[in-house]
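Asks: Here are the chains, one letter per residue:
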Amino acid sequence: MRTEEVMKVDAQQVLCFVLILLAPLAAAGLALMNTGLGRSRSAAHTMLASLCMFSVAALAYLFCGYAIQNYPAGSLLLVGVKFDGSPVSLGILLSMLSAGVGAMIPLGAGADRWRLSACCYSAALFGGVTFPLFAHWVWNSGWLAKAGFLDTGGASTMHVSGGMAALSVAWLLGPRRGKYVDGLPAALPGHDVVLVILGCLLALVGWLGLNCAGAILYNRADSGAVVLVAVNTVLAAAAATLAAAVVTRARYNRPDASLCANGWTGGLVAGSAIAGFANPLAAALIGLIAGALVAVSVEMLDLRLSLDDPGGAISVHGMAGIWGLLSVSFFAHGNWLAQIAGIATLLGFVFPISYGADWLLAICHRLRVAPEGERTGMDLHELGAGAYPDFVTHHDDLFSR
Amino acid sequence: MSAITSVYSELFMTYPTLMRASGFFLLVSGWGIVPAAFSLLHGPGPRAGFVLAGVALELLGFVLIVRSHGFTRRKKS
Chain A
1 MRTEEVMKVD
11 AQQVLCFVLI
21 LLAPLAAAGL
31 ALMNTGLGRS
41 RSAAHTMLAS
51 LCMFSVAALA
61 YLFCGYAIQN
71 YPAGSLLLVG
81 VKFDGSPVSL
91 GILLSMLSAG
101 VGAMIPLGAG
111 ADRWRLSACC
121 YSAALFGGVT
131 FPLFAHWVWN
141 SGWLAKAGFL
151 DTGGASTMHV
161 SGGMAALSVA
171 WLLGPRRGKY
181 VDGLPAALPG
191 HDVVLVILGC
201 LLALVGWLGL
211 NCAGAILYNR
221 ADSGAVVLVA
231 VNTVLAAAAA
241 TLAAAVVTRA
251 RYNRPDASLC
261 ANGWTGGLVA
271 GSAIAGFANP
281 LAAALIGLIA
291 GALVAVSVEM
301 LDLRLSLDDP
311 GGAISVHGMA
321 GIWGLLSVSF
331 FAHGNWLAQI
341 AGIATLLGFV
351 FPISYGADWL
361 LAICHRLRVA
371 PEGERTGMDL
381 HELGAGAYPD
391 FVTHHDDLFS
401 R
Chain B
402 MSAITSVYSE
412 LFMTYPTLMR
422 ASGFFLLVSG
432 WGIVPAAFSL
442 LHGPGPRAGF
452 VLAGVALELL
462 GFVLIVRSHG
472 FTRRKKS
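Quick mapping for you: the protein sequence lines, in order, are chains A and B.
Take 1 as the starting number for the first sequence in our numbering and just add one per residue.
Take 402 as the starting number for the second sequence in our numbering and just add one per residue.
If you are wondering where the hints come from, they were derived from the structure by calculation, not from laboratory data.
Even glycine gets a Cβ: it sits at the ideal position worked out from N, Cα and C.
Just so you know, not all the hints are guaranteed correct.
What the hints assert, rightly or not - Listed below are several chain B residues computed to face chain A (Cβ distance under 7 Å; list not exhaustive):
| no. | residue |
| --- | --- |
| 1 | Leu-428 |
| 2 | Val-429 |
| 3 | Trp-432 |
| 4 | Phe-439 |
| 5 | Ala-449 |
| 6 | Glu-459 |
Bound-form chain B, shown alone (with noise of 0.2 Å):
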């Protein structure tokens, strides 16, 4: 587990702006999901999971930028 940790925290320190174009990129990907799964799928619960899934991939490439910048102003401080 801390090795992981360490991984984590060291991809940010290294390429922090690598990361923030990751997090965009799931950002979008994550909201693509959501207007295809109005558009493709009929039944409420197949798009209920699409759009919480969606969601959720948003969420993941929310935190990526959120702790991007936490790493870049540490970086600079």
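One chain only, chain A, in its complex shape (with noise of 0.2 Å):
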């Protein structure tokens, strides 16, 4: 190899390592997003119960989930792998973050009602087999890759899997006490705002992070073709905030700040999608659909399905990864039957692997917490104290309903 090519080979490994570093952004702006959107009583929960899932996680990709991702050239606990700032180390390091954030997903629907340590097993079971398997299938030329399936941006094996174990959460957990009175939904609005648009801003940047890298590793692009993947990014997450904004805007004569901000967060995951292949109005167009996606679906799911998911994280990772995947075969000319397979795979295989295990979990663990702690708070109950002690407790948020 020449001088110039070693150079800008090493080059493109330092590039993707920077944009690899920047992924742990996205679990933070997760983890606000889902304490923002759940109850103050439970601030403090949600939070260590994101550090524990996305701890769990990569430790369980470091047990067992490389040696699936990788078989049959991988091994249990990495034995045998060079750190050398190869594509194979570099994918190691960008497979574990995705495992962590994409474990801390079905938190958003399981928020104030959802025991930490059930929150741990649901974590190890994605990191150690979900997402393995499935990013075998995906990234490491298994039958999905063989049959033309694109996804370098994570919208499958991270987003629609995490969004699928949400719904299984969801299903299995119930709705939070005083959610549905008499059959019809009560409004139990997030309790800090200021949070959740905060957790968006962090998302962005390691979104771009996960997406650059993930175009670098699986698409092989280049530097140049990396600044298409970030200006792709940006344009489907601001298209997608706008959507919701519109759409509540004209449902309620308001925007909804955690309606946007879910629109937001769906633009970002189906622009996951698409991010590495598409032009940059087609990015603003599939955002633009994601975001008014999300919107209603949150609220179709809460009204006529009774899912009580505070976090929103079936629609926006669910729904809206769905709907990025698709949009591959309509606007990046993709083979949209790879595509409908894939997201076959996703609804046939994954959903059935997440319900039953937590549905087996259920029978020998509780998943959910005692009434008494949903109603004193999950902080007190789970940790002994409140993640705002200074803050007066209104009388109905600790003893309503």
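Assemble the dimeric complex from its two separately framed chains, guided by the hints.
Replies: See the structure below:
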């Protein structure tokens, strides 16, 4: 190899490594969003659960995830892997962080009632089995990759898989106490919109890192193409936020901050699927549809299906992710049959695995906190102290319903 | 038509768990057709037909699961 080529490869690897280092900001953003959209009496619990789920998923990936994702070459406990900055070692780092981020997604659906230990079991399953198995099929020359399925940003491996896990958690846990009175949903707004919006802005940085690093590693994009990935990611999020604002303005006479934040994240998720393949106009259009879809779907799940999802994880990661994967075939000349096969695998394989594992866990270990714990708040019940000890607790926040 | 609807509702009300299990069975069976179509069939037409049939089966299973959860919730409340 000539000296110039060696330097170009090295620069590409350094760029990829720096981009991967931004990925933890996606986890920070998700944690802040889930916390802000939950109740104040469960804020510390949600933050700690996010941290624990990320940690458990990363460790589970170390233990067996890598071996599954890189079967048959992979090994348990990363034995024999050379950490020399090669694409393989960078891929391990990206996958480990992706597993952590994906494992945190179901927490949005289970907030305010999901026990910490049950959260950790779910994260272990995600990081150790679900994520690596699907990632093997998509990123490591599995049958979906051979069929022509395209997803370099992790819309399917991380987000829709996480959304499927969120759906099973929401169903198995049931709604929060007081959410449905005589079959009608009550509004339980998030306690801190500032945290939610800050989370959105942090998540953008993390998503830029994940999408760009994924494009370099799995699509062999060069430095110039990475700029397009970043532009598409930003455009998808921006268009989705505006669409969510317009939809909520049309439905409730004013834009809803939490739904706009959900729209933003939905745009980022849809953008993950198409950022490496679409042109900027298509990315904006895809984001626009994703934002509107998220705003409508959050309300539909709540009203029609009685699914209590405080963080909107099912709509944001599941629905928007599926839309993003489908849109690859419309806007980026992807193989539509392969994209549909990927979505069918998420619905027919990942969802039953997530549901079945959580259902088995529920038989031997309680998933949901005791009614007393839900009344006093997850912070006091599970951690022994609240997130905001100096706050005045409102009467209806503690004793209602 | 109303007789079918009432039998349908009766089934969900009486055996929600069984209906849910059937839904999951359809979901997994539908998915099984998809990779099988990719590995066994080579023409784009037959492959697309089988994949779409698998997806349709999955959607049927998913509807059963959604309905069974709805009925269980209504029963509890």
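Asks: With reference to the structure, classify each hint as holding or not holding.
Replies: Results of checking the hints against the structure:
1. Leu-428: holds, 5 Å
2. Val-429: Cβ of Val-429/B sits 5 Å from chain A, so the hint holds.
3. Trp-432: holds, 3 Å
4. Phe-439: holds, 5 Å
5. Ala-449: holds, 6 Å
6. Glu-459: holds, 5 Å
Consistency note: the structure conflicts with none of the earlier hints.
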